[in-house]
Amino acid sequence: MNAASETGSTNIMSKALREAAFAGAIAFGMFLLFVGIETYQDIDNRLVWRTRWGLLAIFVIIAAVGRFVTVGFIRPHIDRRKLAKAKSGVLEISEEKGFFHRHFLKIALIALLIYPPMSVMLFGPQGSLKYVDNFGIQILIYVMLAWGLNIVVGLAGLLDLGYVAFYAVGAYSYALLSSYFGLSFWVLLPLAGILAAMWGVILGFPVLRLRGDYLAIVTLAFGEIIRLVLLNWTDVTKGTFGISGIAKASVFGIWSFNVGAPDYFPKALGLATSSAWYKIFLFYVILALCMLTAYVTIRLRRMPIGRAWEALREDEIACRSLGINTVTTKLTAFATGAMFGGFAGSFFATRQGFVSPESFVFLESAVILAIVVLGGMGSLTGIAIAAVVMVGGTELLREMEFLKLIFGPDFTPELYRMLLFGLAMIIVMLFKPRGFVGSRQPTAFLKQRKAVSGSFTKEGHG
Amino acid sequence: MTFGTDMMTSNTTGDTLLKVEHLSMKFGGLMAINDLSFEARRGEITALIGPNGAGKTTVFNCITGFYKPTMGMITLRQRDGKEHLLERLNDFEITKSAKVARTFQNIRLFSGLTVLENLLVAQHNALMKASGYTILGLLGLPAYRNAAKAAIDKASYWLEKAELIDRADDPAGDLPYGAQRRLEIARAMCTGPELLCLDEPAAGLNPRESAALNTLLYAIRDEGVSILLIEHDMSVVMEISDHVVVLEYGQKISDGTPDHVKNDPKVIAAYLGVEDDEVEEVIAVELEGGDH
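Chains as they are written, first to last, in the UniProt record's numbering: chain A, 1 to 462; chain B, 1 to 292.
A hint or two may mislead.
Derived DSBU-like pairs (lysine-lysine); straight-line CA-CA distance at most 35 angstroms [to be verified]:
| id | chain 1 | residue 1 | chain 2 | residue 2 |
| --- | --- | --- | --- | --- |
| 1 | B | 129 | B | 82 |
| 2 | B | 149 | B | 129 |
| 3 | B | 262 | B | 68 |
| 4 | A | 458 | A | 106 |
| 5 | A | 106 | A | 404 |
| 6 | A | 458 | B | 149 |
| 7 | A | 458 | B | 129 |
| 8 | A | 458 | B | 161 |
| 9 | B | 96 | B | 68 |
| 10 | A | 404 | A | 87 |
| 11 | A | 450 | B | 68 |
| 12 | B | 252 | B | 266 |
| 13 | B | 266 | A | 447 |
| 14 | A | 447 | B | 19 |
| 15 | A | 15 | A | 87 |
| 16 | B | 149 | A | 106 |
| 17 | B | 262 | A | 447 |
| 18 | A | 106 | A | 85 |
| 19 | B | 82 | B | 252 |
| 20 | A | 458 | A | 15 |
| 21 | B | 26 | B | 96 |
| 22 | A | 450 | B | 262 |
| 23 | A | 82 | A | 404 |
| 24 | B | 266 | B | 26 |
| 25 | A | 458 | B | 262 |
| 26 | A | 450 | A | 82 |
| 27 | B | 82 | B | 161 |
| 28 | A | 85 | A | 447 |
| 29 | B | 26 | B | 252 |
| 30 | A | 450 | B | 149 |
| 31 | A | 447 | A | 458 |
| 32 | A | 458 | B | 252 |
| 33 | B | 149 | B | 262 |
| 34 | B | 262 | B | 161 |
| 35 | B | 26 | B | 262 |
| 36 | B | 266 | B | 96 |
| 37 | A | 447 | B | 149 |
| 38 | B | 26 | A | 450 |
These are computed hints drawn from the structure, not numbers from a lab.
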């Protein structure tokens, strides 16, 4: 017994050494040109190169040691623990969930509600700006956009790479109609949603017969068309200059946030003049919009139309054989998703006070889609978590001043945003290929609500 | 408790339900169906048989609107006397208004939805109306809640019949093969059809599953729903069908009761061929098997 385990461990050690050497060799091959050699300009502006063997050695050593530890210690440890659990008869998947797990949504909602007052208390009105605006509002906008896109991609299974177009339609609807006609935010918010939904239908019609890759390409083109129109129709949209001085939202038309106006809202509450109050107000507005999106999505999933969307994702031909009109089903999915994009867009315009076509580039669509995929298609909770991680994470990078101490004063963490974004995606997809929440909650049940494992659900073919 | 359709009244039994006249379907130069005419009567199980490539599935796809026939007329006469020309309707309208439901040769379930949800999706049109095309339902009016409850009752009625009630909350993709076949039929029944078209329902089933399927088919016929089925398994065809239509190379070669068809020299020739002795033996055994 003892001898056997000894030979087993020597086996593991020799295997770990072998794999470590192999990983080191791969790392050497991969990083030789990227890290080992550096090009730079000398004083005469000539491009010259120098070697960085030390750094390359560090990379190779990290790879080799990491592999050695993984194969030699971490994996056997995990295996032993699994074996011990299996022997003691405790099931790996336990049905009992912790208090935090069960009440996650309530806790999250309460935390969001008290978040702005908390940050004002901790950092003062001016200090809270960063937390409420940069983190709170920014993340919630993406949560809302991702939840809107989730209807199209996650539920109906229609891959839409041009979602940012509807965001742009919403933002420009508000910007233009408020500056040309002076309409208020609360009138234009629903109007922006309706206009975006209309564009959703307009996009939906020509792409109805397309599936999969073809659909993705056409929606991508649609997104670019909208952006290019906004860029070149200078008479109306002022092109690259964008539209500035967009009116602020008011408190339902009763109080305003224009400093010095007689109905200045903070004055009514007896607060000091600060732009922080406006941001806090906006925070609650976008929170309410997010809740509306979640409520509508949850309700729609239990309605025949929502079930038809999910059925469409699973099998379109079977849908038609059951008498479901797939044309209207797809169009409603596009329109509903676009409507929430439009809401978010008009909110974005009033928050920034400025819109330009630069805010609506393809990268935005890609980020929103990445959030939906990372969160687990169809899952609201997973998508919200993904939005916090992705958007919050990139915002957090700006705060990483201490990294300058390690990497030198020239290091600007924001520049590594996309690199880390990609890295995070790869890691999540390796360990959670179906996103943070891979399972699907059924919309109806007879005896017991059981989550459907992600291995059964399909991603849709267009 | 009858949820499917009302029990048939005796005076409508034996009526022509589906009438296919001079149906032709051409794919490029290939004549898949050539001037085919047959009828399916109400309350009966009509079987469409024939060797591989005879055009059986093509006939099905024409009837259910997945193909537009090159020529011909397909008339469906509903219980209330309303007539539909199926070749003019879209595929989803054929299920929705003409009340013809179908299953597929390779099962097409919504595998990521639960068994119950599969049956609820099938009641889409009825629920859509009850929810006021989503708008009233979104407001949470009781009318939709009642309709949703009735839909679950109808689903559990068919789950009972298909012996799937214990697995109602499991994902459809998790069911064994035979159960998936029965679920697909139950799902088609939830659309409330008058004619149910089954494309090789017994393919790949073991004898026990085959028996369960037959029970389900009889239950469906007793509800007053007529069945049109394609089948390769002769024992199933001869046992359950009331009326058999035999196709070969897109043409009808025989039409009548199982006994009549079995003894038709044309059918025997089509199935046995003339030279190939091996096939002859196998088919002969199969036809024998149909006797008991």
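A quick look at each hint next to the structure:
1. A distance of roughly 21 angstroms separates the Cα atoms of residue 129(B) and residue 82(B); the hinted pair therefore holds under the 35 angstroms criterion.
2. The hinted pair formed by residue 149(B) and residue 129(B) meets the criterion: a straight-line CA distance of about 14 angstroms does not exceed 35 angstroms.
3. Proximity of residue 262(B) to residue 68(B) is assessed by CA-CA distance (about 32 angstroms); at most 35 angstroms being required, the pair is judged to hold.
4. Taken as a hint, the residue 458(A) and residue 106(A) pair is honoured in the structure, with Cα atoms around 30 angstroms apart against an allowance of 35 angstroms.
5. Straight-line distance between C-alpha atoms of residue 106(A) and residue 404(A) comes to about 39 angstroms, which puts the hinted pair past the 35 angstroms bound.
6. In summary, the hint linking residue 458(A) to residue 149(B) is supported, as the alpha carbons are separated by about 27 angstroms, within the 35 angstroms threshold.
7. At roughly 28 angstroms between alpha-carbon atoms, residue 458(A) and residue 129(B) fall within 35 angstroms of each other, so this suggested pair holds.
8. For the proposed pair residue 458(A) and residue 161(B), the alpha carbon gap of about 28 angstroms is at most 35 angstroms, so the pair holds.
9. The straight-line distance between the Cα atoms of residue 96(B) and residue 68(B) is roughly 18 angstroms, inside the 35 angstroms bound, and the hint therefore holds.
10. Between residue 404(A) and residue 87(A) the CA atoms are separated by roughly 50 angstroms; this puts the pair beyond 35 angstroms, and the hint is violated.
11. A threshold of 35 angstroms between alpha carbons decides the hint, and for residue 450(A) with residue 68(B) the separation of about 42 angstroms lies outside it, so the pair is violated.
12. As the CA atoms of residue 252(B) and residue 266(B) are separated by approximately 10 angstroms, the hinted pair is consistent with the 35 angstroms bound.
13. At most 35 angstroms may separate the alpha-carbon atoms for a hinted pair to count; residue 266(B) and residue 447(A) exceed this at roughly 54 angstroms.
14. About 43 angstroms separates the Cα atoms of residue 447(A) and residue 19(B), which puts this hinted pair outside 35 angstroms; it is violated.
15. Restraint check for residue 15(A) and residue 87(A): satisfied, since their Cα atoms lie roughly 27 angstroms apart, inside the 35 angstroms limit.
16. Our distance criterion of 35 angstroms between C-alpha atoms is met by residue 149(B) and residue 106(A), whose separation comes to about 28 angstroms.
17. Distance check on the hinted pair: residue 262(B) and residue 447(A) sit about 48 angstroms apart at the alpha-carbon level, beyond 35 angstroms; violated.
18. Restraint check: the Cα-Cα separation between residue 106(A) and residue 85(A) comes to about 33 angstroms, which is no more than 35 angstroms; the hinted pair holds.
19. As the CA atoms of residue 82(B) and residue 252(B) are separated by approximately 28 angstroms, the hinted pair is consistent with the 35 angstroms bound.
20. In summary, the hint linking residue 458(A) to residue 15(A) is not supported, as the alpha carbons are separated by about 38 angstroms, beyond the 35 angstroms threshold.
21. A hinted pair counts as satisfied when its Cα atoms are at most 35 angstroms apart, and residue 26(B) with residue 96(B) qualifies at roughly 27 angstroms.
22. Distance hint between residue 450(A) and residue 262(B) is unfulfilled; the C-alpha atoms sit about 49 angstroms from each other, more than 35 angstroms.
23. Between residue 82(A) and residue 404(A) the alpha-carbon distance is near 42 angstroms, which puts this suggested pair outside the 35 angstroms criterion.
24. Simply put, residue 266(B) and residue 26(B) have alpha-carbon atoms about 24 angstroms apart, close enough for the 35 angstroms limit, and the pair holds.
25. Only pairs whose Cα atoms come within 35 angstroms are accepted, and residue 458(A) paired with residue 262(B) is rejected, the gap being roughly 44 angstroms.
26. Taking the CA atoms of residue 450(A) and residue 82(A), the gap is about 25 angstroms. The hint holds against a cut of 35 angstroms.
27. Between residue 82(B) and residue 161(B) the CA atoms are separated by roughly 29 angstroms; this keeps the pair inside 35 angstroms, and the hint holds.
28. With a C-alpha separation of about 30 angstroms, the suggested pairing of residue 85(A) with residue 447(A) holds against the 35 angstroms cut-off.
29. At most 35 angstroms may separate the alpha-carbon atoms for a hinted pair to count; residue 26(B) and residue 252(B) meet this at roughly 16 angstroms.
30. Between the alpha carbons of residue 450(A) and residue 149(B) the distance comes to roughly 19 angstroms, so the proposed pair stays at or under 35 angstroms and holds.
31. For the proposed pair residue 447(A) and residue 458(A), the alpha carbon gap of about 25 angstroms is at most 35 angstroms, so the pair holds.
32. About 40 angstroms separates the Cα atoms of residue 458(A) and residue 252(B), which puts this hinted pair outside 35 angstroms; it is violated.
33. Straight-line distance between C-alpha atoms of residue 149(B) and residue 262(B) comes to about 47 angstroms, which puts the hinted pair past the 35 angstroms bound.
34. The straight-line distance between the Cα atoms of residue 262(B) and residue 161(B) is roughly 31 angstroms, inside the 35 angstroms bound, and the hint therefore holds.
35. For the proposed pair residue 26(B) and residue 262(B), the alpha carbon gap of about 29 angstroms is at most 35 angstroms, so the pair holds.
36. A distance of roughly 39 angstroms separates the Cα atoms of residue 266(B) and residue 96(B); the hinted pair therefore is violated under the 35 angstroms criterion.
37. In summary, the hint linking residue 447(A) to residue 149(B) is supported, as the alpha carbons are separated by about 14 angstroms, within the 35 angstroms threshold.
38. For the suggested pair residue 26(B) and residue 450(A), the alpha carbons sit about 48 angstroms apart, so the restraint of at most 35 angstroms is broken.
The structure is inconsistent with the numbered hints 5, 10, 11, 13, 14, 17, 20, 22, 23, 25, 32, 33, 36, 38, although it conforms to all the rest.
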